[in-house]
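One-letter residues, chain by chain:
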Amino acid sequence: GESVGLHLPTLSVQEGDNSIINCAYSNSASDYFIWYKQESGKGPQFIIDIRSNMDKRQGQRVTVLLNKTVKHLSLQIAATQPGDSAVYFCAENSGGSNYKLTFGKGTLLTVNP
Amino acid sequence: EPEVTQTPSHQVTQMGQEVILRCVPISNHLYFYWYRQILGQKVEFLVSFYNNEISEKSEIFDDQFSVERPDGSNFTLKIRSTKLEDSAMYFCASSEQGNYGYTFGSGTRLTVV
Numbered sequence: 001g002e003s004v005g006l007h008l009p010t011l012s013v014q015e016g017d018n019s020i021i022n023c024a025y026s027n028s029a030s031d032y033f034i035w036y037k038q039e040s041g042k043g044p045q046f047i048i049d050i051r052s053n054m055d056k057r058q059g060q061r062v063t064v065l066l067n068k069t070v071k072h073l074s075l076q077i078a079a080t081q082p083g084d085s086a087v088y089f090c091a092e093n094s095g096g097s098n099y100k101l102t103f104g105k106g107t108l109l110t111v112n113p
Numbered sequence: 114e115p116e117v118t119q120t121p122s123h124q125v126t127q128m129g130q131e132v133i134l135r136c137v138p139i140s141n142h143l144y145f146y147w148y149r150q151i152l153g154q155k156v157e158f159l160v161s162f163y164n165n166e167i168s169e170k171s172e173i174f175d176d177q178f179s180v181e182r183p184d185g186s187n188f189t190l191k192i193r194s195t196k197l198e199d200s201a202m203y204f205c206a207s208s209e210q211g212n213y214g215y216t217f218g219s220g221t222r223l224t225v226v
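Chains Z and W supply the protein sequences, listed in that same order.
To convert, note that position 48 of the first sequence is 48 in this note's numbering; the numbers rise steadily by one, no gaps.
To convert, note that position 13 of the second sequence is 126 in this note's numbering; the numbers rise steadily by one, no gaps.
One thing to keep in mind: the hints can contain errors.
As the list claims (entries may be wrong) - No more than 25 Å apart at the CA atoms, straight line, and that leaves these computed lysine-lysine pairs for PhoX-like: (1) Z:Lys105 with W:Lys155; (2) Z:Lys105 with Z:Lys42; (3) W:Lys196 with W:Lys170; (4) Z:Lys71 with W:Lys155; (5) Z:Lys42 with W:Lys196; (6) Z:Lys68 with Z:Lys42; (7) W:Lys196 with Z:Lys105; (8) W:Lys170 with W:Lys155; (9) W:Lys170 with Z:Lys42; (10) W:Lys191 with W:Lys170; (11) W:Lys191 with Z:Lys42; (12) Z:Lys56 with Z:Lys105; (13) Z:Lys56 with W:Lys196; (14) W:Lys155 with W:Lys196; (15) W:Lys155 with W:Lys191; (16) Z:Lys68 with Z:Lys56; (17) Z:Lys68 with W:Lys155; (18) Z:Lys105 with W:Lys170; (19) Z:Lys56 with Z:Lys71; (20) Z:Lys71 with Z:Lys105.
As the list claims (entries may be wrong) - One-sided excerpt, in silico: chain Z residues whose CB lies under 10 Å from chain W: (21) Phe46; (22) Asn93; (23) Phe103.
Unchecked claim - Covered stretches of chain Z, going by a simulated chain W footprint (3 or more residues, C-beta under 8 Å): (24) 16 to 22; (25) 35 to 45.
It is worth saying that the hints were derived from the structure and are not from the lab.
Even glycine gets a Cβ: it sits at the ideal position worked out from N, Cα and C.
Whole structure, please, built from the sequences with the hints as guidance.
If you want it as structure tokens, here you go:
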């Protein structure tokens, strides 16, 4: 069935370190994936997306890697800053025409100064 | 940067009462969505709306829920007879074409007492 899950519920890093947040998905039909950042009391904020015909995409300080063989998605944040502290969700679209997103449970990233 | 606007930010209602949550999607977007997030849990899809009709709905979206686009700018979620378990953050989202530009609002915190 459709499910998106995260390996680690919490991640604590030192400021300046690189962070890696992982996500596993089970729906092999998913063709689009998004990483969202959610700060307390706010809605999900788009970080970066990737389509299933790609295995890597880079943004500003962030990189998303997609491994379709093992159905794994990761978000890499370079030079993590205190402002990066938030809950990070991966979400997948299973390819339907209604563009419903299925979210994972979230990983709490804490950046220590 | 264009935003999805939701009002009110916090709504407290008594069990059994009707509530209407309001959203103003981004003006050139064509697809509209409602999601909810129970405290500490993942974001869950409720309903998608396109071309003035529901395109998909989840099991959560039962007969107590309805959506409407009463004019060219607003998109509302109505819960006819609220239950305690309806307490959650409700997020509106819109997208330009399918997955493109998928943007969430800041949410309405609904508390049913």
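Outcome of the hint check:
1. At most 25 Å may separate the alpha-carbon atoms for a hinted pair to count; Lys105 of chain Z and Lys155 of chain W meet this at roughly 5 Å.
2. Note on Lys105 of chain Z and Lys42 of chain Z: the hinted pairing holds, with a Cα-Cα distance of about 16 Å set against a maximum of 25 Å.
3. For the given pair, Lys196 of chain W sits about 19 Å from Lys170 of chain W by alpha-carbon distance, which is consistent with the 25 Å threshold.
4. A C-alpha spacing of about 20 Å is found between Lys71 of chain Z and Lys155 of chain W, which places the hinted pair at or below 25 Å, so the restraint holds.
5. A C-alpha spacing of about 24 Å is found between Lys42 of chain Z and Lys196 of chain W, which places the hinted pair at or below 25 Å, so the restraint holds.
6. Restraint check for Lys68 of chain Z and Lys42 of chain Z: the C-alpha separation of about 31 Å exceeds 25 Å, so the hint is violated.
7. This hinted pair checks out: Lys196 of chain W and Lys105 of chain Z have alpha carbons roughly 24 Å apart, not beyond 25 Å.
8. The straight-line distance between the Cα atoms of Lys170 of chain W and Lys155 of chain W is roughly 17 Å, inside the 25 Å bound, and the hint therefore holds.
9. For the proposed pair Lys170 of chain W and Lys42 of chain Z, the alpha carbon gap of about 24 Å is at most 25 Å, so the pair holds.
10. Only pairs whose Cα atoms come within 25 Å are accepted, and Lys191 of chain W paired with Lys170 of chain W is accepted, the gap being roughly 14 Å.
11. Simply put, Lys191 of chain W and Lys42 of chain Z have alpha-carbon atoms about 21 Å apart, close enough for the 25 Å limit, and the pair holds.
12. The suggested pairing of Lys56 of chain Z with Lys105 of chain Z holds, with an alpha-carbon distance near 23 Å, which does not exceed 25 Å.
13. Restraint check for Lys56 of chain Z and Lys196 of chain W: the C-alpha separation of about 44 Å exceeds 25 Å, so the hint is violated.
14. A threshold of 25 Å between alpha carbons decides the hint, and for Lys155 of chain W with Lys196 of chain W the separation of about 20 Å falls inside it, so the pair holds.
15. Pair hint Lys155 of chain W plus Lys191 of chain W holds up; C-alpha atoms about 22 Å apart against a cutoff of 25 Å.
16. Among the hinted pairs, Lys68 of chain Z with Lys56 of chain Z is consistent with the structure: their alpha-carbon atoms are about 11 Å apart, no more than 25 Å.
17. For the hint pairing Lys68 of chain Z with Lys155 of chain W, the CA-to-CA distance comes to about 23 Å; that is within 25 Å, so the pair holds.
18. A hinted pair counts as satisfied when its Cα atoms are at most 25 Å apart, and Lys105 of chain Z with Lys170 of chain W qualifies at roughly 20 Å.
19. A threshold of 25 Å between alpha carbons decides the hint, and for Lys56 of chain Z with Lys71 of chain Z the separation of about 14 Å falls inside it, so the pair holds.
20. Between the alpha carbons of Lys71 of chain Z and Lys105 of chain Z the distance comes to roughly 16 Å, so the proposed pair stays at or under 25 Å and holds.
21. Residue-level restraint check for Phe46 of chain Z holds (minimum Cβ-Cβ distance to chain W is 7 Å; threshold 10 Å).
22. The interface hint given for Asn93 of chain Z is met, as the beta carbon of that residue sits about 6 Å from the closest beta carbon of chain W, less than 10 Å.
23. Checking Phe103 of chain Z against chain W: minimum C-beta separation of about 4 Å stays under 10 Å; hint holds.
24. Counting residues of the region 16 to 22 of chain Z whose beta carbon lies closer than 8 Å to any beta carbon of chain W gives 0, which falls short of the minimum of three for the stated coverage.
25. Chain W is given as covering the region 35 to 45 of chain Z, and this holds because 6 residues of the stretch bring a CB closer than 8 Å to a CB of that chain, at least three being needed.
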